[in-house]
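Note that the protein sequences, when read in sequence, are chains A, B, C, D, E and F.
Read in order, the letters of the first sequence correspond to residues 1 to 236 in my numbering.
Read in order, the letters of the second sequence correspond to residues 1 to 236 in my numbering.
Read in order, the letters of the third sequence correspond to residues 1 to 236 in my numbering.
Read in order, the letters of the fourth sequence correspond to residues 1 to 236 in my numbering.
Read in order, the letters of the fifth sequence correspond to residues 1 to 236 in my numbering.
Read in order, the letters of the sixth sequence correspond to residues 1 to 236 in my numbering.
Quick caveat, the hints were computed from the structure, so don't treat them as lab data.
Among the hints, a few may not be true.
[Stated by the list, open to error] Chain F residues, not near chain D, derived (Cβ > 10 Å throughout):
1. Val30
2. Tyr165
3. Asp174
4. Val193
5. Pro217
[As the list claims (entries may be wrong)] If you want the ones that stay clear, here's a sample from chain D, every Cβ over 12 Å from chain F, calculated:
6. Gln42
7. Glu58
8. Asp68
9. Ile102
10. Ala104
11. Thr105
12. Gln108
13. Gly120
14. Ala124
15. Ser140
16. Pro142
17. Arg197
18. Gln235
[Unchecked claim] Pairwise CB distance ranges, derived in the manner of DEER restraints:
19. D/Gln228 x B/Glu194: 32 to 42 Å
20. C/Ala5 x F/Lys24: 23 to 33 Å
21. C/Glu204 x A/Pro69: 47 to 57 Å
22. A/Arg36 x E/Arg226: 48 to 58 Å
The beta carbon of each residue, even a glycine, is placed where N, CA and C say it ideally should be.
Protein chains: 6
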Amino acid sequence: MSDDATLAMLKTVSTATLTSLLFKRGFRNVFIQGARPLKAGQRLAGPAYTLRYIPSREDLDGIEAFRDPRHPQRVAVEEIPPGAVLVMDCRGDASVASAGSILATRMQVRGAAGIVSDGGLRDASGIAALEMPAWCAGPSAPTNLIRHHALDINAPIGCGGVPVYPGDIMVGDDDGVVCIPAHLAGEIAVDAVEMERFERFVLEEVQRGVAIIGLYPPTAPDTRERYQAWLARGQA
Amino acid sequence: MSDDATLAMLKTVSTATLTSLLFKRGFRNVFIQGARPLKAGQRLAGPAYTLRYIPSREDLDGIEAFRDPRHPQRVAVEEIPPGAVLVMDCRGDASVASAGSILATRMQVRGAAGIVSDGGLRDASGIAALEMPAWCAGPSAPTNLIRHHALDINAPIGCGGVPVYPGDIMVGDDDGVVCIPAHLAGEIAVDAVEMERFERFVLEEVQRGVAIIGLYPPTAPDTRERYQAWLARGQA
Amino acid sequence: MSDDATLAMLKTVSTATLTSLLFKRGFRNVFIQGARPLKAGQRLAGPAYTLRYIPSREDLDGIEAFRDPRHPQRVAVEEIPPGAVLVMDCRGDASVASAGSILATRMQVRGAAGIVSDGGLRDASGIAALEMPAWCAGPSAPTNLIRHHALDINAPIGCGGVPVYPGDIMVGDDDGVVCIPAHLAGEIAVDAVEMERFERFVLEEVQRGVAIIGLYPPTAPDTRERYQAWLARGQA
Amino acid sequence: MSDDATLAMLKTVSTATLTSLLFKRGFRNVFIQGARPLKAGQRLAGPAYTLRYIPSREDLDGIEAFRDPRHPQRVAVEEIPPGAVLVMDCRGDASVASAGSILATRMQVRGAAGIVSDGGLRDASGIAALEMPAWCAGPSAPTNLIRHHALDINAPIGCGGVPVYPGDIMVGDDDGVVCIPAHLAGEIAVDAVEMERFERFVLEEVQRGVAIIGLYPPTAPDTRERYQAWLARGQA
Amino acid sequence: MSDDATLAMLKTVSTATLTSLLFKRGFRNVFIQGARPLKAGQRLAGPAYTLRYIPSREDLDGIEAFRDPRHPQRVAVEEIPPGAVLVMDCRGDASVASAGSILATRMQVRGAAGIVSDGGLRDASGIAALEMPAWCAGPSAPTNLIRHHALDINAPIGCGGVPVYPGDIMVGDDDGVVCIPAHLAGEIAVDAVEMERFERFVLEEVQRGVAIIGLYPPTAPDTRERYQAWLARGQA
Amino acid sequence: MSDDATLAMLKTVSTATLTSLLFKRGFRNVFIQGARPLKAGQRLAGPAYTLRYIPSREDLDGIEAFRDPRHPQRVAVEEIPPGAVLVMDCRGDASVASAGSILATRMQVRGAAGIVSDGGLRDASGIAALEMPAWCAGPSAPTNLIRHHALDINAPIGCGGVPVYPGDIMVGDDDGVVCIPAHLAGEIAVDAVEMERFERFVLEEVQRGVAIIGLYPPTAPDTRERYQAWLARGQA
């Protein structure tokens with residue numbers, strides 16, 4: 001399956017489904033803790049392009065730091081590939097911003113898929129008004145220089161307590177963001193689509209009054225049969 | 001007064017009013033800390049039906065745990081009485097979900113009054129779309145098995161730092177959820193309705209320019225008189 | 001420049017802009033941490049009128065405390081000058097409210113500019129429905145007496161980790177609230193308006209595809225020229 | 001009873017005893033949370049002399065601030081009465097110091113009874129080597145100016161989440177520090193001495209094999225008799 | 001192997017060793033977070049006897065609650081079997097005590113092996129002076145009634161974030177306390193003794209200048225040979 | 001001045017002194033928050049050699065990870081230069097260890113100056129028994145693999161909220177650890193020695209009854225004179 005097909009599938013499934021499938025494979029820590037969507041209804045699927053911040057230092061991180069054309073935050077915004085997701089390691093510190101609406105707009109123009117940060121975002125309502133989705137620890141006005149020194153592009157990082165390696169697939173929805181290890185994205189996508197098909201059947205069953213036990217998971221002998229019939233009726 | 005009448009009254013009053021009335025009776029810790037509504041405008045009143053989670057253990061809480069027909073979370077969903085509120089003790093850990101939209105839908109079908117959790121909920125926008133209201137520490141996608149082992153049904157628990165005994169009356173609104181000790185629900189309901197009647201008068205007074213001091217509480221001699229007149233005019 | 005002109009200018013600029021300008025002058029800690037707007041789209045600019053809470057004590061802070069006509073919370077509501085912002089020091093404790101909708105309504109009637117608290121607010125949806133804006137650590141139903149003893153009016157306080165001196169200028173938007181030291185408000189307002197004018201130019205440039213580096217900050221030789229031309233075209 | 005006699009009694013009893021006696025009178029929040037002794041075996045009893053810090057501001061709290069002869073921290077050290085306890089409100093922030101060994105030595109020379117802080121102390125091993133005892137949130141080297149602005153002397157404060165009014169009696173031991181409201185100190189001291197006398201009896205009973213139930217509290221009919229006999233034997 | 005032999009072996013090995021062996025078997029969450037020893041050099045090994053606290057409620061948990069001969073905390077102290085460890089679930093709240101020195105002394109008299117709590121302990125220096133060891137979140141004077149309601153004896157609990165089932169084997173040292181699932185204690189004990197024997201060899205090697213890589217773990221071909229020779233020399 | 005002379009001087013001065021001198025130069029964030037000494041009386045001065053951990057991932061960080069001869073933690077232990085300080089970035093997570101006594105012993109044999117971690121250390125009493133000093137967030141038994149993946153050697157990191165660049169000078173005492181930017185170490189060392197000389201004079205003055213104001217800082221005209229006389233008497 002092509003990467004594009006995988007991403008297209010992943011964009012249709014929920015982070016709840018994905019965390020369950022990763023848990024089945026032994027992964028317990030894939031959900032970016034504390035990263036909330038800036039607005040409802042956003043969907044995201046794309047490879048991680050990472051930016052690491054360490055704590056800032058007064059002599060290195062004055063306002064003039066942004067004048068350096070090699071400043072990693074600005075370079076990241078200009079070099080992130082189309083379709084990629086900027087994932088920022090802010091050490092979970094939301095007392096300042098990790099980016100603002102001008103940079104986010106530039107990223108949207110360049111075709112980035114979205115922003116994920118365990119820090120804050122400034123001009124958050126401006127970013128929320130973009131088409132490109134964003135998840136973060138909350139709106140926060142102060143410039144990142146007050147707490148953060150942008151250091152590395154595309155090194156492995158921690159974000160919201162989760163290991164994120166460049167190229168891992170970030171998928172986001174209203175619940176938050178999950179990080180899928182790159183080598184598993186294809187098989188997880190296939191399984192997720194099938195699992196959600198079955199859950200649509202389950203939800204219909206529940207809505208017409210069927211009890212959970214035996215249905216979800218389908219341990220009762222006839223559940224699988226009814227599901228096959230449901231599939232055969234083309235209701236998926 | 002019947003229980004139904006009590007619940008009907010409690011559904012019309014605010015948690016702010018209820019916590020004040022309980023404070024007057026010496027109760028300082030009745031507001032479920034950290035449980036926020038999944039959507040605005042929800043109202044809840046019903047007896048607590050509790051589910052206790054302890055930390056999960058890898059050998060007991062694999063994905064196959066849900067295949068056990070006696071799994072307490074699933075049993076709770078199938079046995080919660082109509083009109084009752086599922087209150088979950090997640091030890092305040094919102095890093096994973098305590099339930100998702102399929103179980104919530106089943107609960108709605110079965111007539112449950114609502115969900116209160118000091119942990120997360122997954123498929124949170126799906127749950128928010130139900131008529132049955134829910135309060136929790138926030139959306140969180142990962143399956144509960146990663147952190148939680150469902151253990152007890154209808155044992156006394158802590159939820160959001162508050163003691164909740166089965167049968168206590170849970171009342172929720174946009175501010176959050178209060179737990180009223182069962183034996184006090186009737187008298188609190190009566191007092192709350194009266195207190196809110198007075199507060200509607202107070203608010204009208206304030207809107208027409210009356211000062212707070214002497215009015216709220218009504219220490220000025222004429223406040224009670226004006227209130228009686230207001231009542232007599234049938235404006236409550 | 002008059003104070004009114006300063007406030008009018010500050011009401012049009014963002015807290016992101018203001019924190020950057022204060023950072024340039026050496027101020028790193030001016031953003032009220034944890035104070036979120038009760039609703040989207042609010043704007044605030046006004047001098048701080050402070051109320052300090054210390055932890056409550058059972059024998060001093062019973063429900064009857066509000067009967068005292070000198071209770072500082074009630075006095076504050078009646079004495080806050082028109083146009084001023086009530087800033088409350090709750091030691092970051094959001095487990096109870098610092099005010100509710102009746103007091104907030106009274107403040108609106110009296111012409112107060114808004115409420116900023118690092119504690120909770122009760123009847124939060126009622127307060128959100130007012131025209132007067134409010135920022136706080138979140139909705140919280142319990143009465144302030146459970147945790148807070150109102151002590152001082154218009155003493156210097158900490159709020160959300162920030163020093164707030166009476167008369168400092170509080171400016172709020174969707175990101176949160178910034179506290180501008182009083183003596184800097186005028187010059188900051190002027191700089192902020194100019195900075196946002198330049199950022200509108202930058203945003204247009206970005207939207208038409210210009211790269212960030214060299215543009216923002218304007219280190220490329222021609223950026224300033226293009227900006228002058230943009231200004232000359234009257235597009236600010 | 002004289003104040004000196006009260007203090008002498010309080011210096012012999014434990015904070016465990018005192019918190020229980022205050023709880024019996026309805027006080028639930030009298031133990032300074034997070035204030036640990038700098039060394040084992042310290043005892044403290046004396047009236048509170050308070051110092052309030054608010055967050056520092058860069059333009060007011062440079063290193064030269066200490067050159068002001070009216071700097072409240074330095075004034076407090078020079079004006080604290082003999083026998084009094086310096087209680088500092090650091091908003092629970094232990095990332096910096098609230099005092100160091102030079103000031104502590106000066107306080108000892110002036111006859112102060114001790115130091116209680118919910119912030120840090122620097123040169124902590126130097127302070128621990130003094131005879132004057134100290135309790136704090138932990139050793140912390142940075143100067144208070146980085147986070148704290150000394151503002152008020154002898155105003156009511158919060159310390160470790162507890163209300164402390166000037167003149168309240170601070171009592172400390174290895175468990176920590178309790179704040180006794182001033183008007184209760186005398187009666188609490190008397191009760192505490194009696195309670196500890198009884199507990200010495202209980203401990204002897206337990207050491208010789210008597211069960212807790214019926215003994216502590218003394219609900220069994222003969223416990224009080226045995227205690228009277230124990231008292232008569234002069235073993236208290 | 002008898003249970004006594006298992007416990008005797010476990011009392012000689014470190015919690016570091018045990019957590020590694022449990023990790024090899026897939027257990028990641030067995031170390032009681034935040035439970036520190038009251039004094040250095042303590043060792044503990046014994047089966048868990050649990051006590052669960054929920055948040056207290058003012059009408060149920062007054063000082064007279066201890067007069068009830070069925071009060072679970074007091075019953076636990078009188079019924080804990082010799083050799084067992086009292087493990088208390090305080091929801092990680094160390095603002096109050098979970099027990100004090102009189103109860104601890106009674107437990108020692110009755111032959112209990114030790115105390116583990118994720119809450120506080122009062123009269124902590126008195127408890128530290130006992131032979132029976134104790135681990136907790138720190139000294140804390142206030143009576144448990146202020147925050148805790150003792151509810152269940154010997155139900156499964158969480159303690160310091162770890163699931164503890166009655167009969168699980170608690171092992172403690174200067175690092176803290178590990179909870180070994182009961183069915184694994186025997187095999188873990190055997191492996192631990194062997195692992196520590198090897199680590200004594202490793203430490204000697206390191207002390208005489210051997211590099212870590214190839215030695216620990218013993219991936220170099222000759223490490224195992226040298227270890228066998230060391231064993232043959234009887235130096236274990 | 002040679003680097004060795006600088007380090008020798010820094011080893012004699014306190015972290016309190018150093019943080020004050022760095023604050024004078026505009027550095028507010030140089031004290032490793034939460035890193036406590038494993039035993040009293042330790043002193044440390046040496047250049048930082050850093051190790052960065054990110055969150056672990058189950059498929060990469062099994063127990064067999066240590067068999068890789070290139071595992072960064074093991075490589076760090078073998079390659080840290082004599083006199084250097086191993087500084088570990090554990091994201092402040094003390095729920096597991098960042099190293100244990102075998103690795104620490106190897107580091108001591110190799111001549112390392114010490115260990116600084118914002119995570120835990122296992123076999124902490126074993127490490128405390130070494131001559132090489134260590135500071136960390138506390139003893140913690142579990143293996144680092146449970147939470148940490150060792151990634152980078154000698155990259156800039158955050159430790160305890162402080163930026164640490166390889167080669168920065170780490171100085172530790174009973175209060176904790178300060179990180180001096182490398183280029184400032186020489187001048188800071190000289191100033192610190194002078195400042196502590198003056199403070200010894202101040203302490204003697206205080207001990208003989210001189211008041212703080214005018215003495216510390218020496219704003220009174222005669223303080224400097226008395227200091228010169230004290231120096232002349234050779235009492236420094």
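Do the hints match the structure? See the list:
1. Val30: 8 Å, violated
2. Tyr165: 19 Å, holds
3. Asp174: Incorrect as stated: the minimum Cβ-Cβ distance to chain D is 4 Å, not above 10 Å.
4. Val193: Consistent with the label, F/Val193 stays out of reach of chain D, its closest Cβ about 16 Å off (over 10 Å).
5. Pro217: Answer for F/Pro217: violated, closest chain D Cβ roughly 5 Å.
6. Gln42: 16 Å, holds
7. Glu58: Non-interface label fails for D/Glu58: nearest chain F Cβ at 9 Å, not farther than 12 Å.
8. Asp68: At roughly 9 Å from the nearest Cβ of chain F, D/Asp68 sits no farther out than 12 Å, so the non-interface label is violated.
9. Ile102: 6 Å, violated
10. Ala104: 10 Å, violated
11. Thr105: 5 Å, violated
12. Gln108: 9 Å, violated
13. Gly120: 8 Å, violated
14. Ala124: D/Ala124 is in fact no farther than 12 Å from some Cβ atom of chain F, at 6 Å.
15. Ser140: 7 Å, violated
16. Pro142: 4 Å, violated
17. Arg197: 37 Å, holds
18. Gln235: Check passes; 39 Å lies beyond 12 Å.
19. D/Gln228 x B/Glu194: 32 to 42 Å: 53 Å, violated
20. C/Ala5 x F/Lys24: 23 to 33 Å: Hint violated: Cβ distance 39 Å, outside 23 to 33 Å.
21. C/Glu204 x A/Pro69: 47 to 57 Å: 22 Å Cβ-Cβ, so the 47 to 57 Å window is violated.
22. A/Arg36 x E/Arg226: 48 to 58 Å: 55 Å, holds
Violated hints, in rising order: 1, 3, 5, 7, 8, 9, 10, 11, 12, 13, 14, 15, 16, 19, 20 and 21; the structure is consistent with all others.
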